[in-house]
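> Top to bottom, those sequences are chains E and V.
Taking my numbering, the leading residue of the first sequence gets 1, the next gets one more, and so forth.
Taking my numbering, the leading residue of the second sequence gets 101, the next gets one more, and so forth.
There's no promise every hint is true.
For each label pair, taking beta carbons as the anchor points, the in silico distance ranges come out as [what the hints assert, rightly or not]:
no., chain 1, residue 1, chain 2, residue 2, range
1, V, GLU297, E, GLN5, 27 to 37 Å
2, E, GLY87, V, GLN310, 15 to 25 Å
3, V, THR320, E, VAL12, 23 to 33 Å
4, V, THR311, E, GLY87, 12 to 22 Å
5, E, VAL12, V, LYS252, 34 to 44 Å
6, E, ALA97, V, SER399, 37 to 47 Å
7, E, ILE6, V, LEU221, 18 to 28 Å
8, E, SER91, V, THR242, 22 to 32 Å
9, V, SER326, E, ASN46, 19 to 29 Å
10, E, ASN46, V, THR311, 51 to 61 Å
Source of the hints: derived by calculation from the structure; they are not laboratory data.
Cβ atoms here follow ideal geometry from the backbone N, Cα and C, with glycine treated the same way.
These are the residues of each chain, in order.
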Amino acid sequence: MELQQIYTDFQVLDAEIFGISMDSISETTILARTLGLTYKLLSDPNGKVAKEYGVFNLLGDGVAAPSVFIVGPSRVIEWSYVGRNIGDRPSSEDIIARLK
Amino acid sequence: MASQTRYLGLILLVFVALAGTACSNREPLPTLVPLSTYTPVPTYTPLPTYTPVPRAIPVMDVQKKEVVEKIVVHTVVHTLVVTATSSPTPTATLTLTATPISIPIITPIPTLTMESPIPLLEAFEARIDIVLQVGAAVHNVTWNLKNNSQQKVKVVGEIRRANGTIIARAESSGFVDPNGEIGSFSTTFITTPTHEEVMAFQWVWTIQTQTSQTIVCTFTKANPKSCVYTSTSTPTPTAEPEVKVILEPTPVRAATARPAPTAVLAKGVQKQDTLPPTAADFELADSSGSTVSLSKTLSDSHFAVLVFYRGHF
Numbered sequence: 001m002e003l004q005q006i007y008t009d010f011q012v013l014d015a016e017i018f019g020i021s022m023d024s025i026s027e028t029t030i031l032a033r034t035l036g037l038t039y040k041l042l043s044d045p046n047g048k049v050a051k052e053y054g055v056f057n058l059l060g061d062g063v064a065a066p067s068v069f070i071v072g073p074s075r076v077i078e079w080s081y082v083g084r085n086i087g088d089r090p091s092s093e094d095i096i097a098r099l100k
Numbered sequence: 101m102a103s104q105t106r107y108l109g110l111i112l113l114v115f116v117a118l119a120g121t122a123c124s125n126r127e128p129l130p131t132l133v134p135l136s137t138y139t140p141v142p143t144y145t146p147l148p149t150y151t152p153v154p155r156a157i158p159v160m161d162v163q164k165k166e167v168v169e170k171i172v173v174h175t176v177v178h179t180l181v182v183t184a185t186s187s188p189t190p191t192a193t194l195t196l197t198a199t200p201i202s203i204p205i206i207t208p209i210p211t212l213t214m215e216s217p218i219p220l221l222e223a224f225e226a227r228i229d230i231v232l233q234v235g236a237a238v239h240n241v242t243w244n245l246k247n248n249s250q251q252k253v254k255v256v257g258e259i260r261r262a263n264g265t266i267i268a269r270a271e272s273s274g275f276v277d278p279n280g281e282i283g284s285f286s287t288t289f290i291t292t293p294t295h296e297e298v299m300a301f302q303w304v305w306t307i308q309t310q311t312s313q314t315i316v317c318t319f320t321k322a323n324p325k326s327c328v329y330t331s332t333s334t335p336t337p338t339a340e341p342e343v344k345v346i347l348e349p350t351p352v353r354a355a356t357a358r359p360a361p362t363a364v365l366a367k368g369v370q371k372q373d374t375l376p377p378t379a380a381d382f383e384l385a386d387s388s389g390s391t392v393s394l395s396k397t398l399s400d401s402h403f404a405v406l407v408f409y410r411g412h413f
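Between the sequences and the hints, there should be enough to build the whole structure, so can you do that?
In structure tokens form, the structure reads like this:
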């Protein structure tokens with residue numbers, strides 16, 4: 001929700017947000033519709049992408065750890081943050097600051 | 101040649117003689133009887149033209165049958181009248197009479213009731229509602245506590261997992277009035293539990309009464325009433341007028357499976373230096389039904405922000 005509120009700020013910075021979870025596509029669709037999200041939620045049910053980014057099962061619960069990656073042109077990872085627990089995540093303002 | 105001719109003539113003569121003998125032995129033919137005079141067949145008279153007989157169309161006859169089942173209850177009073185007489189042969193007369201007796205309707209008489217106070221241990225009632233559930237994953241619940249006692253109380257509420265881990269905590273700032281209600285708290289789960297897990301969650305309310313009694317009520321969604329007295333000290337409510345809900349994350353397990361590049365993380369935002377410089381490309385289905393490619397996105401936008409989340413932001 002927080003990201004949604006400042007989604008336009010990301011767009012101004014020419015950044016596209018992708019929320020990635022291991023939920024099924026139907027659950028992702030319902031969540032996006034329920035929360036009225038306009039940015040894209042991606043379904044990674046097998047955790048393939050989470051594994052490629054090294055965040056799968058870091059908290060020992062079989063899903064991706066909360067984490068953020070800013071990927072720039074040529075797919076260069078400009079910045080990333082991996083949470084140490086389920087509530088540890090950067091704020092949207094922090095992410096915006098990294099984009100500037 | 102002449103002898104042959106004579107010989108043939110002789111044979112012919114014998115044959116003629118034999119034939120004459122045979123003809124003389126045959127039965128005489130029957131006398132011809134003249135046929136009777138021909139009687140002509142009577143003249144053909146054509147049958148009268150067939151006129152179909154009008155046929156009545158059968159009409160389906162539906163018989164309506166009403167079955168009225170009536171149960172008549174008769175109260176039969178058997179009266180046995182025994183008459184003793186002085187006659188030598190006493191007789192007993194049995195008289196049966198059937199007298200329907202109407203059963204009087206019992207109308208409850210309103211009684212004056214005095215409202216007795218609810219025992220303190222039974223005076224607290226919790227309510228837990230699942231507000232948002234996607235599939236089996238529960239994202240949000242609301243919960244509250246109703247004080248049906250005649251006392252003002254101070255309360256602290258917690259949501260605990262079955263293993264005792266605290267998920268959320270709420271605290272009343274002041275007193276909850278008699279017949280008052282505290283809540284409704286809204287808790288959004290960061291790690292979404294399943295519906296089954298939520299059903300096993302415990303809502304533990306520590307209640308301090310004006311009479312300095314401390315009650316701990318442990319509720320589940322299925323069991324909204326279960327309170328006991330306890331001697332444990334109660335948390336002191338804050339002076340703030342609002343009720344606070346504090347989310348407490350689940351303790352993190354040791355990151356044994358953590359890969360080397362992300363093994364060391366400081367509190368707060370950290371610049372990532374050790375990750376591979378190039379992000380892995382991917383194609384994933386999105387919530388609108390289309391497929392999203394990272395490389396395609398980066399051809400349209402300067403940055404892609406990948407947020408790995410766990411059911412809810």
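> Report the numbers of all earlier hints that the structure fails to satisfy, in ascending order.
Structure breaks hints 2, 3, 4, 5, 6, 7 and 9.
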